[in-house]
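Student: Working from the sequences, and respecting the hints, build out all of it.
Chains A and B are the protein sequences, given in the same order.
So for the first sequence, my numbering puts the first residue at 2; every next one is plus one.
So for the second sequence, my numbering puts the first residue at 2; every next one is plus one.
None of these hints come from the bench; they were simulated from the model.
There may be inaccurate statements among the hints.
Note: identical chains are not told apart, hence a pair may lie in one copy or across any two.
[Unchecked claim] Okay, derived cross-link-like pairs now, DMTMM-like style, lysine to aspartate or glutamate, Cα gap no bigger than 25 Å in a straight line:
hint, residue 1, residue 2
1, K303, D9
2, K284, E24
3, K6, E229
4, K197, D47
5, K284, D26
6, K197, D48
7, K232, D26
8, K301, D33
Each chain, letter by letter, is given below.
Number of protein chains: 2
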Amino acid sequence: MEALKESDVKIALVGVEDQIRKELDPYTYDSDRIEVIHTPDVVGMDDPATVTIRKKRNSSISVGVNLLKGEGYSAFISAGNTGAVVAASTIYLGMIPGVERPAIGIVIPTLKSFAFLMDAGANTGPKPAHLLQWAVMADVYVREVLGVADPEIGLLNIGEEETKGTEFIRETHGMMTERLKNFIGNVEASDVFRGKCDCIICDGFLGNVVLKVSESLTENAGALIKREIKKSPVAMLGALLLKPRLKRIRRLADYSEYGGAPLLGVNGIVMICHGRSSVKAIKNAIRAARTEIEHQIIRKMKVEIEK
Amino acid sequence: MEALKESDVKIALVGVEDQIRKELDPYTYDSDRIEVIHTPDVVGMDDPATVTIRKKRNSSISVGVNLLKGEGYSAFISAGNTGAVVAASTIYLGMIPGVERPAIGIVIPTLKSFAFLMDAGANTGPKPAHLLQWAVMADVYVREVLGVADPEIGLLNIGEEETKGTEFIRETHGMMTERLKNFIGNVEASDVFRGKCDCIICDGFLGNVVLKVSESLTENAGALIKREIKKSPVAMLGALLLKPRLKRIRRLADYSEYGGAPLLGVNGIVMICHGRSSVKAIKNAIRAARTEIEHQIIRKMKVEIEK
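Tutor: Laid out in structure tokens, this is it:
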């Protein structure tokens, strides 16, 4: 409903029809702009990706991704099982020529503004060439969708010197130095939130850990602060006065503000959202998907990958 | 000086004598309990470890570590170049039989109390057997030095199921399941700060990233909060009222409260401190080293590793 107000987007809601209708019921909307597509199969959050592909062909994920292969549907957005979305997108849409594996990019807030980190968890054991391919795609995404004119790209490592880290990292560093004009070299995890560069490339295991540590730390810091504040009435008053400002901080630290996480590398626009996405997060994911369509990022990524 | 007050410890200060004397000058102390050992070579924070070993044999790190091989010195503490301390300790002290590589353990604050994470950065490309050896030593350390009666040990992974993660992680999981009685399986990065277990084992690349992300996030959150608060006088008053409680939070999030990080696996007690350690951090590192000595952890680790 929020997205309909914001632009002239048309939305197909794919899932168990009864449940969707029940959610839609309280609203009045232009019925030409909302379509409901019934899919009886439901993919659980813990279902292995293979189950989705082989046994749940009538799920929102399988059917939704397949819609992109026909006419009239330009982007697929899901807040469901990430592994299943990655697998279904890879199998049904295929890859952009020259890209071997898809990766998930996330926008994270930094002291300066934000940074785009990729891969956030689609791949646990990639090769150096995969990271180079992701860097080329991330560059396009940050320019076109996030509007950074000349993004700087860094490789996540445990030291800045090019001799640091594993053999895997050193090899990736060499390939990026040769191929990427805007590669600034290794960046440390402590640089991520300082906003040292616009794009941070790493394998999905590491990216997932960075994401989870920061989410968890923000959450738990909040819980700790509340616990401490409740111990003192003076502190409670202080917190009350601070509240409007702290809300702004929280918003800065809230990933959902930036909408979904694009799955780049597959031959279509796919956006993955957190299972606990707010209304705003979904609306922002729809907006980001629209920008991807308008800026023709699939075509542009193909051009850059071919170079 | 603080450590001298706290216990009957004797301290040898190893380094450039003039500089040490200058720092000691303002204090009155029992000169029998402070010894100064002059070492003219200085290891820079960016010197490769090999330089320390081959060319700077008269540095505080080389000389200090070697003191442990003689009589009368029971622990070495350094806030210098970590790589150099790890290399010098490994080469001069040798390893505990059955341990192939040393690892750095750090105490991190959690919602419940704290957790011990190892390796925090000594090894970037370990084998599953190394992680198992670290787990056995971490178990001893947490029991003896941190006083946790029956510590639970987790393996850092990107999912809880034993099929998750890389081949490396799955193999490590299998070895730990077989060998460790108190192994609770995989833990996710988001569990770390929730205090799901007492010991978290991971490779040094990952451990270092967890450490740096959390340090950096805490620092930058502080900077962000200050920036926001300064925008409103009401918020500034609120912050003033909150200050005593926020200080407690900050202390909870301050790694230095727990003193240094033990280097486990070498045949001697070595403690590594942050280059920016406070007085309190160094004092606490000395206290932790004393506890290691009193609880004979080297002997106990040898026993456990041999089992």
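Student: Tell me, please, which holds for K284 and E24 at an alpha-carbon limit of 25 Å: within, between, both or neither?
Tutor: For K284 and E24, the Cα distance is within 25 Å only inside one copy (16 Å; across copies 60 Å).
Student: Go through the copies and call it for K197 and D47: within, between, both or neither, with a Cα cutoff of 25 Å.
Tutor: between (36 Å within a copy, 20 Å between copies)
Student: Up to 25 Å between alpha-carbons, please classify K232 paired with D26: within, between, both or neither.
Tutor: neither (45 Å within a copy, 43 Å between copies)
Student: Pop the pair K284 and D26 into one bin, within, between, both or neither, using alpha-carbon distances up to 25 Å.
Tutor: Within. Shortest intra-copy distance 19 Å satisfies the 25 Å Cα cut-off; inter-copy 65 Å does not.
Student: From the Cα coordinates, with 25 Å as the cut-off, is the pair K197 and D48 best called within, between, both, or neither?
Tutor: Between copies, since 24 Å is at most 25 Å while 38 Å is not.
Student: Indicate which option fits the pair K301, D33 if close means a Cα-Cα distance not exceeding 25 Å: within, between, both or neither.
Tutor: neither (31 Å within a copy, 73 Å between copies)
Student: With identical chains, the pair K303 and D9 could be close in the same copy or across copies; at 25 Å between alpha carbons, which is it: within, between, both, or neither?
Tutor: neither (27 Å within a copy, 70 Å between copies)
Student: For K6 vs E229, is the C-alpha pair at or below 25 Å within one copy, between two copies, both, or neither?
Tutor: neither (42 Å within a copy, 31 Å between copies)
The structure fails hints 1, 3, 7, 8 (numbered hints given earlier, in ascending order).
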